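Chemist: What follows is each chain in one-letter form.
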Amino acid sequence: MQSPSVSSTTSQTPQAAQAPAAEPQRASSPAPASVRPVIQLDHVSFSYGHDAGRAVDDVSLSIKPGEFVGLIGPSGAGKSTLAAIMSGAIPHHYTGQLYGATLVEGQDTCDVTLTDISRIVGSVLQDIDAQMVASVVEDELLFGLENFGVPHRHIEKFITAALDAVGIADLRDREIATLSGGQKQKVAIAAILALAPRVLVLDEPTAALDPVSSEMVFDVLRSLNRDEGITVVVIEQKVALLSQYCDRILVMNEGRLELQGTPAEVFAHSADLRRIGVDSPRTARISNSLAAAGLVPAGCPCLTVDEAYDLIAGALGARGSAAAAASPADSALAGEKDGSYGARPDPKSPAPSGAQPAVAFEHVGFAYPAGGAAVTDLNLAVYPGEVFALIGQNGAGKTTATKLLNGLLQPTEGRVTVAGHDTRSTPVSVIARYAATLFQNPDRQLCKNTVLDEVAFGLELQGVDAVAARERARAVIRRFGLPEEASPFSLSRGQRQMVALASVVVLEPQVIVLDEPTSGLDYRECMTVMQTVADMARAGSAVVMVCHDMEVVSDFADRAAVMAEGRIVGMGPLAEVFRNEAVMAQAYVAPPQVTALSERLARGVSPAFAGIGEVAELVDAVRRLAAERGAGADVSGGAKTAFASELLAQTGVSSAQPVAGAADAAPAHIAPSAHKEERHA
Amino acid sequence: MLNVIDYVPGNTLLHRLNPVTKLALAAAIIAATFLAADYPALVGLLAFTLALGVYAGVIRQLVGLLKVLVPVALIMLLLQVAFVRGGTPVAGFVTDEGLVTGGRACLRLLGVALPLVLMLTVTKLTDLANACVEKLHIPYKYAFTFTTALRFVPVFSQEMNAIMEAQTARGVEFDTKNPFKKLRLMLPVCIPLLVTSVAKTDSTALAAEQRGFYLRTRASSYKRYPFVARDIAVFAVCVALIVLGVLL
Numbered sequence: 001m002q003s004p005s006v007s008s009t010t011s012q013t014p015q016a017a018q019a020p021a022a023e024p025q026r027a028s029s030p031a032p033a034s035v036r037p038v039i040q041l042d043h044v045s046f047s048y049g050h051d052a053g054r055a056v057d058d059v060s061l062s063i064k065p066g067e068f069v070g071l072i073g074p075s076g077a078g079k080s081t082l083a084a085i086m087s088g089a090i091p092h093h094y095t096g097q098l099y100g101a102t103l104v105e106g107q108d109t110c111d112v113t114l115t116d117i118s119r120i121v122g123s124v125l126q127d128i129d130a131q132m133v134a135s136v137v138e139d140e141l142l143f144g145l146e147n148f149g150v151p152h153r154h155i156e157k158f159i160t161a162a163l164d165a166v167g168i169a170d171l172r173d174r175e176i177a178t179l180s181g182g183q184k185q186k187v188a189i190a191a192i193l194a195l196a197p198r199v200l201v202l203d204e205p206t207a208a209l210d211p212v213s214s215e216m217v218f219d220v221l222r223s224l225n226r227d228e229g230i231t232v233v234v235i236e237q238k239v240a241l242l243s244q245y246c247d248r249i250l251v252m253n254e255g256r257l258e259l260q261g262t263p264a265e266v267f268a269h270s271a272d273l274r275r276i277g278v279d280s281p282r283t284a285r286i287s288n289s290l291a292a293a294g295l296v297p298a299g300c301p302c303l304t305v306d307e308a309y310d311l312i313a314g315a316l317g318a319r320g321s322a323a324a325a326a327s328p329a330d331s332a333l334a335g336e337k338d339g340s341y342g343a344r345p346d347p348k349s350p351a352p353s354g355a356q357p358a359v360a361f362e363h364v365g366f367a368y369p370a371g372g373a374a375v376t377d378l379n380l381a382v383y384p385g386e387v388f389a390l391i392g393q394n395g396a397g398k399t400t401a402t403k404l405l406n407g408l409l410q411p412t413e414g415r416v417t418v419a420g421h422d423t424r425s426t427p428v429s430v431i432a433r434y435a436a437t438l439f440q441n442p443d444r445q446l447c448k449n450t451v452l453d454e455v456a457f458g459l460e461l462q463g464v465d466a467v468a469a470r471e472r473a474r475a476v477i478r479r480f481g482l483p484e485e486a487s488p489f490s491l492s493r494g495q496r497q498m499v500a501l502a503s504v505v506v507l508e509p510q511v512i513v514l515d516e517p518t519s520g521l522d523y524r525e526c527m528t529v530m531q532t533v534a535d536m537a538r539a540g541s542a543v544v545m546v547c548h549d550m551e552v553v554s555d556f557a558d559r560a561a562v563m564a565e566g567r568i569v570g571m572g573p574l575a576e577v578f579r580n581e582a583v584m585a586q587a588y589v590a591p592p593q594v595t596a597l598s599e600r601l602a603r604g605v606s607p608a609f610a611g612i613g614e615v616a617e618l619v620d621a622v623r624r625l626a627a628e629r630g631a632g633a634d635v636s637g638g639a640k641t642a643f644a645s646e647l648l649a650q651t652g653v654s655s656a657q658p659v660a661g662a663a664d665a666a667p668a669h670i671a672p673s674a675h676k677e678e679r680h681a
Numbered sequence: 001m002l003n004v005i006d007y008v009p010g011n012t013l014l015h016r017l018n019p020v021t022k023l024a025l026a027a028a029i030i031a032a033t034f035l036a037a038d039y040p041a042l043v044g045l046l047a048f049t050l051a052l053g054v055y056a057g058v059i060r061q062l063v064g065l066l067k068v069l070v071p072v073a074l075i076m077l078l079l080q081v082a083f084v085r086g087g088t089p090v091a092g093f094v095t096d097e098g099l100v101t102g103g104r105a106c107l108r109l110l111g112v113a114l115p116l117v118l119m120l121t122v123t124k125l126t127d128l129a130n131a132c133v134e135k136l137h138i139p140y141k142y143a144f145t146f147t148t149a150l151r152f153v154p155v156f157s158q159e160m161n162a163i164m165e166a167q168t169a170r171g172v173e174f175d176t177k178n179p180f181k182k183l184r185l186m187l188p189v190c191i192p193l194l195v196t197s198v199a200k201t202d203s204t205a206l207a208a209e210q211r212g213f214y215l216r217t218r219a220s221s222y223k224r225y226p227f228v229a230r231d232i233a234v235f236a237v238c239v240a241l242i243v244l245g246v247l248l
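Heads up: the protein sequence lines correspond to chains L and X, in order. Once you know that position 231 of the first sequence is 231 in this note's numbering, the rest is easy, because the numbers rise by one and skip nothing. Once you know that position 175 of the second sequence is 175 in this note's numbering, the rest is easy, because the numbers rise by one and skip nothing.
By construction, these hints were calculated from the structure, which means they are not laboratory data. Fair warning: there could be bad hints in the mix.
[To be verified] Here are the computed lysine-lysine pairs in the PhoX-like style, where the Cα-Cα straight-line distance is at most 25 Å:
| # | chain 1 | residue 1 | chain 2 | residue 2 |
| --- | --- | --- | --- | --- |
| 1 | X | K181 | L | K403 |
| 2 | X | K200 | L | K448 |
| 3 | L | K157 | X | K223 |
| 4 | L | K403 | X | K182 |
| 5 | X | K67 | X | K177 |
| 6 | X | K181 | X | K67 |
| 7 | L | K448 | X | K181 |
| 8 | X | K67 | X | K141 |
| 9 | X | K223 | X | K135 |
| 10 | X | K141 | X | K223 |
| 11 | X | K182 | L | K448 |
| 12 | X | K223 | L | K403 |
| 13 | L | K403 | L | K448 |
| 14 | X | K182 | X | K67 |
Values in this document were obtained by computation on a predicted structure and should not be read as measured data.
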């Protein structure tokens, strides 16, 4: 078998080979080859039991001091196992079969104790509550320092330094239980940092955080990496973060290392990534599609909105003639809008006249007796067949709103009606017949011994007789491809979420409430879940979802309400909400990349870009404008085919059958001279 | 839900005592409660505990605990009254001796629970563990187990609430008025709770080991917990309490 760690990136096309050259200013260029890697894996394999398959399969890699490495892959790909191998938890804590050699600072992890390894490699676990050993922040930091016998006269210095490095000096005397998720994550990092490790290994540190807190955590990691020279290895599902912060990205699939390279190198392979089940930043998708269509040079995907703006503006030669192509493109766009993508239900008018809302909030107020996220004067109506998103920061009152909806909380002011029932006079168990909730953590929902029992349980609670309930449950289970007789708890995280989703789908409820339905899922699972939800909306359910992932929201929601400090600060069709910069800033929500990009393009290049929220639409608009302006002269037939397959691939992946899009593999036929246009710094 | 064993910050004499002294004080009150047979003594000890609670500013926690304990104490009284058959009948099956023993059991139950909770609310768990390791020479392993168990109580109760909410939203009738039905419905919920707790404790063990848990010795703690004059004074009070308990 071939060595899996060899990247297929560098030698594929002449364009790809130039990619590193187009990336001159990325933070720390790889250290010279002579530097000893701080972690080295040599043909490492691991399986958790004799019969179990290999969770990590023949992985070789080396991590050099000072690197910032991101690790991504679908769930079950072996990312956490690989992190455990690097941190010494394998072989010292988890048992199984380990092959190959893992060297930390040149020492085989099998020969030294876990305690000694952790002096070099500090690891932050996925479950932050379990990681904590004390109830006060200061004691949490003290714990490791005391244990490792740091001389007491130095301890104060280490604590202050660690708290300052993470930016939480003000939290020193706080009870950990009273901190927010983002703050806890920082405490966990500070507690490891106080031990002055050379490497930090973090397992999905931002899984439970909103976008702003996620960026803050990554900012902390970057400053540690740059200023303290600490090597960072981070498992992360949010590709936009990885592409912004990492020097190198490792892509895992089925225990193997499939791809590795700089973000630009890795995300140039968006078709491969899609096959594996890994998302790409939307800007990378846009530039890859444009490259495939022959409009821009191939091989260097854009990782940020700025880069993409420069690329497109450059390709269109937008100097002066901004308003030229506005109106014809606009009308053409409107005509083609509906047919061009299949990922979401057709946008609906927000309030069909005469239709009865499935959910109505009228001047709803609620305050917890003990204080905390209160909501004030919420007014909203959600209609059958639409997907309605609630967006905002942690603590803005979104979850409180969903609990008011499914009756777990009752409004202290105003009125909530669900399918015509007032939640104050209807028991929660009755409301459950009309409104089904999918929670963030499926483990709280599952309680039966087999998947079949689990899915049928909700129906039985509604009074459907056991035989009919099983019949309907079987049909849904088959549709989802789940193992009928397996115990839900033996399944993977993603599959457990699918079981929870199946038990919602089987109820055919009028209202579906989703609280962070996609956190902890990989890209493919996320798309499958959301596609199912979109199908149910099309079948007439009203969907209310709370979601931090703005890309998911922009793909699937029709309307959105933006919440901040317990109030709705903006509401309307999705595109309008995302374009309202004042509202988005007030709620500390960053608009999705495509919206941000199209807004900038609309201002700076052509009004034809206004209001675009989809990769395909944006690419389409660029193609049209390019044709009009004669900028992209060689848009050939072949390129168009490639472009069409990118479209196909986009819709294909959302129905859980990824089509290996030919977009990225399409032969590029741009003369090298076109490179000068692509971007500036 | 208000957590009764959460640390309540403060700077009273009670807060500043050595954790071991506080433990001794609580133990002395409890010992006296068991030794004393007189009603005035039992009530007096209870009042003493509550007075300390008021002084330390944790009376809210103690009252919260009382709300839970008083019904339990009443059930105990009822059982005692039903089972103690000696003495002269007062009304129906109730005898005077039953009432007296029952009442004493009630007061003792409260007298045992309150000092312990009082002590926990004015002491940080880490301080308690470190001081016990330093002064009482308890192996750190056990101290850590104890504090971690206490620390997990609120974590698991949150988890339990979240699970109950999720099940209620599915249509399980947790909102029923019938307590027996509710109990029966709660049993299946224990499965997810158990799964979560096992995973959590395993992670905690790993996290502790990766931060040098096995290197820890008695001398590791950064904070020192010396006995000072006020501790000696409180020890004297402890002895007095026990003597009082024996005499009364």
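Chemist: Now look at each hint and say whether the structure bears it out.
Modeler: The hints, checked one at a time:
1. X:K181 to L:K403: The given pair, whose Cα atoms are some 24 Å apart, holds under the 25 Å limit.
2. X:K200 to L:K448: The given pair, whose Cα atoms are some 21 Å apart, holds under the 25 Å limit.
3. L:K157 to X:K223: Holds, at about 15 Å.
4. L:K403 to X:K182: holds (21 Å)
5. X:K67 to X:K177: Measuring from Cα to Cα gives roughly 20 Å; hence the hint holds.
6. X:K181 to X:K67: holds (23 Å)
7. L:K448 to X:K181: holds (18 Å)
8. X:K67 to X:K141: violated (34 Å)
9. X:K223 to X:K135: Distance of about 13 Å is within 25 Å: holds.
10. X:K141 to X:K223: holds (18 Å)
11. X:K182 to L:K448: Distance ~17 Å between K182 of chain X and K448 of chain L Cα, so the pair holds.
12. X:K223 to L:K403: violated (44 Å)
13. L:K403 to L:K448: holds (24 Å)
14. X:K182 to X:K67: With Cα atoms ~21 Å apart, K182 of chain X and K67 of chain X stay inside 25 Å; holds.
Hint check: violations occur at hints 8 and 12; the rest are consistent with the structure.
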